[in-house]
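Given next are the chains, with one letter for each unit.
Number of protein chains: 2
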Amino acid sequence: MDSIASFAALSDHLKSLNCRKRIVVANAVDSHTLDAIIRAVEMGIAEAYLIGDVASIESPRLFENRPSPHIHVVDVPDVRDAAIESVRMVRKGEADVLMKGLVNTDVLLKAVLDKKNGLLPPGNILSFCGALEIPRYHKLLFFSDPAVIPSPSVEQRIMMIKYSIRTAQKFGITQPKIALIHATEKSNPKIQYMQDYAEIMKKWRMGEFGDVIIDGPLDIFLAVDKERGSIKNVATPVLGDSDILIFPSFESANPFYKGLMCFAGAEMGGILQGTSKPVVLTSRSESIDSKFYSIAMACALS
Amino acid sequence: MDSIASFAALSDHLKSLNCRKRIVVANAVDSHTLDAIIRAVEMGIAEAYLIGDVASIESPRLFENRPSPHIHVVDVPDVRDAAIESVRMVRKGEADVLMKGLVNTDVLLKAVLDKKNGLLPPGNILSFCGALEIPRYHKLLFFSDPAVIPSPSVEQRIMMIKYSIRTAQKFGITQPKIALIHATEKSNPKIQYMQDYAEIMKKWRMGEFGDVIIDGPLDIFLAVDKERGSIKNVATPVLGDSDILIFPSFESANPFYKGLMCFAGAEMGGILQGTSKPVVLTSRSESIDSKFYSIAMACALS
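Those sequence lines, one after another, are chains A and B.
Be aware that the first sequence starts at 1, since it is given in our numbering, and climbs by one per residue.
Be aware that the second sequence starts at 1001, since it is given in our numbering, and climbs by one per residue.
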């Protein structure tokens, strides 16, 4: 398989599999979520299970057209119950992907994180992996974590890296290049995460992460811009060609991707990592495109 | 005066003043620094004093052409001595702006921070203010701090904000709008800088910052993107129209601006703030344009 370098290539890949992934959506009543789901169903890549309060459905389109045989609606008027039932379906193998509809994140995460009936295997952590398609970059750029863990411990960083590697590999990237992001390439022992980076580099050299290339600390120029990076005269095997950026904190990752969405025409998909099955946790304000890319990403990973 | 919304407008403004600012450069021997200085001299906005090791000058252009009467070269072969002499000239009022040439940052900063003979008034802090010109943004976007203070205290944040306000005002922005950046608009008491933000908002309401608008925590969408920000339905007086972004840490500010330079066609100028006169501290890898914008910014502030 060629590596998937864009969201269009991701859609093509999923279509070529000729297999519908079963997506359960907790309270899919808002129109952006419904439109994104309908697109995935019409593309032939998804079978949708909409669990929620049917009376509040915003998108008349769903029922105006002849109802698709690949969209199944289950009326569960209480949002909390809908979240629990959605998680149960994924846990029991009745669905491949969980997606958040119009539910408070707290409510859905409570069901996902439930020790007995949730989706997080013991010892795993929950984090977020985004994939950015930036017009001026030559491939998808995966990154973690802009949303879940404010300031990860070294153990959490290591797991975030392993999850992100698995994601990149599912996109056909045989030897992902990973940059540990900082403001410069110079290590500063006074900064806590520098010790984490040193530890990660040591483990990488000992083979802990498998067939990948990791380097850091690196700044953004060295990580993703061959021209600007070269001027710095720093030898790094990822120079301008990173597949994955690991940020020191979510205060660092979040403005980075949002700036690129506002000003560089970037599009983003993203999923929760660490769970037994992919979880799509988009926010109400996200575009239909963005929600669709997240669904597609989850389908590729399930 | 109209507010200065681009680097072209900044050049026009400086030309209209019809006054050369005196810039002393510590060891201006590398060609990017020299080319940027020559551009400022030829534009009629700068009188240059090049203090350093004449034998190592890289740019033959300086001497090939008829030497400009506005470029003064003083041979100080030892780089450390050149740094000290440059700082002395600014301190004594013999120059308006200090600029770094081919000197290690540590060496120049040591001279700048010297308690007896330096440029930092007692009680002031050193920080960095950048100005970004982003093709898809409608004005210059000032931000702090991507380079100097890794993780500021609340007192340092307050001073960074005051310095940045003064900078924006020098650009003719009568009532600057300032966003305190975070991953979301939701406050999270577990994160240290949230308490700082609350304190800053309190002081702003009490009038401590003068005629400005401050809001935070805000994410990048709310701060600089009216469309994406509006979808979030959060009431904020800076919505999509920030003049200044204050980042929680340099690990947060640095990837933001570098991402925009790589992928959004952004150009940047920047200066050190807190010193008695503006200090231009660009790195060797920066473009001539970028160095020129920093010089122009310093001239506007001196």
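If you are wondering where the hints come from, they were derived from the structure by calculation, not from laboratory data.
Keep in mind that a hint or two might mislead.
[What the hints assert, rightly or not] Computed list of lysine-lysine pairs in DSS-like fashion (alpha-carbon distance at most 27 Å, straight line): (1) A:K232 <-> B:K1110; (2) B:K1190 <-> A:K190; (3) A:K170 <-> A:K232; (4) A:K190 <-> B:K1232; (5) B:K1232 <-> A:K186; (6) A:K110 <-> B:K1232.
[Claimed, not checked] Now the stretches of chain B that chain A is said to cover, found in silico as 3 or more residues with beta-carbon under 8 Å: (7) 1012-1018; (8) 1071-1080; (9) 1087-1101; (10) 1261-1270.
Given the structure is predicted, the values throughout are model-derived calculations rather than measurements.
Even glycine gets a Cβ: it sits at the ideal position worked out from N, Cα and C.
Hints, one by one, checked against the model:
1. For the hint linking K232 of chain A to K1110 of chain B, the alpha-carbon distance of about 23 Å falls within 27 Å, and the restraint holds.
2. The straight-line distance between the Cα atoms of K1190 of chain B and K190 of chain A is roughly 22 Å, inside the 27 Å bound, and the hint therefore holds.
3. As the CA atoms of K170 of chain A and K232 of chain A are separated by approximately 33 Å, the hinted pair breaks the 27 Å bound.
4. Between the alpha carbons of K190 of chain A and K1232 of chain B the distance comes to roughly 37 Å, so the proposed pair goes past 27 Å and is violated.
5. Restraint check: the Cα-Cα separation between K1232 of chain B and K186 of chain A comes to about 38 Å, which exceeds 27 Å; the hinted pair is violated.
6. Taking the CA atoms of K110 of chain A and K1232 of chain B, the gap is near 23 Å; set against the 27 Å cutoff, the hint holds.
7. Figure legend: the region 1012-1018 of chain B, annotated as covered by chain A; annotation inconsistent (0 residues with Cβ-Cβ distances under 8 Å, at least 3 required).
8. Here the region 1071-1080 of chain B counts 0 residues with a CB under 8 Å from a CB of chain A, which misses the bar of 3, and the coverage is violated.
9. Under the rule that three or more residues need a Cβ within less than 8 Å of chain A, the assignment of the region 1087-1101 of chain B is violated, with 0 such residues.
10. Residues of the region 1261-1270 of chain B lying with their CB closer than 8 Å to a CB of chain A number 5, which satisfies the three-residue condition for coverage.
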